[in-house]
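Enquirer: Sequence:
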Amino acid sequence: MFTLEIDGTAIAITDADESQAWEIVESEAFQQDLMAMTSEGTPLWDGRAPLIIRPASRQETEAFGAPGLDLDDTDDDEDGVFVTFLVPVDHDHEPTSAIPPELRRA
1 MFTLEIDGTA IAITDADESQ AWEIVESEAF QQDLMAMTSE GTPLWDGRAP
51 LIIRPASRQE TEAFGAPGLD LDDTDDDEDG VFVTFLVPVD HDHEPTSAIP
101 PELRRA
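Residue numbering for the sequence shown follows the working numbering, starting at 1 and increasing by one per position.
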């Protein structure tokens with residue numbers, strides 16, 4: 001599992017392998033989502049800060065499987081890669097696409 005970190009804050013975790021995690025993070029659609037989505041009114045990403053992918057910590061991995069997780073904060077495709085946000089995401093943003101179709105498993 002890998003974590004997306006922005007400005008020292010763990011933003012999201014994915015069960016993708018490292019190569020897939022980088023593909024997701026580097027995709028234009030996901031980057032647009034990060035700039036459009038907000039947490040407490042602040043965009044998740046300003047479009048300039050480096051996007052860091054690193055191995056997930058034990059605590060982050062446990063949060064990924066937490067039973068109380070809000071499913072609206074999880075983007076997935078059946079039998080595919082899951083991305084779970086580790087920060088609260090405001091729900092007044094436009095619907096987003098998160099994982100590029102070419103990275104979804106059939």
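Hint data in this document are derived by calculation from the structure and do not stem from the laboratory.
All of these numbers come straight from a predicted model, not from anything done at the bench.
Be careful, since some hints might not be right.
To be verified - What follows is a list of derived Cβ distance ranges for each label pair:
1. 62 x 17: 11 to 21 Å
2. 41 x 17: 14 to 24 Å
3. 28 x 58: 28 to 38 Å
Ideal placement from N, C-alpha and C gives every residue a C-beta, glycine not left out.
Enquirer: Hints first: check each against the structure and report whether it holds.
Expert: Against the structure, the hints:
no.: 1; hint: 62 x 17: 11 to 21 Å; in the structure: holds, 20 Å
no.: 2; hint: 41 x 17: 14 to 24 Å; in the structure: violated, 34 Å
no.: 3; hint: 28 x 58: 28 to 38 Å; in the structure: holds, 32 Å
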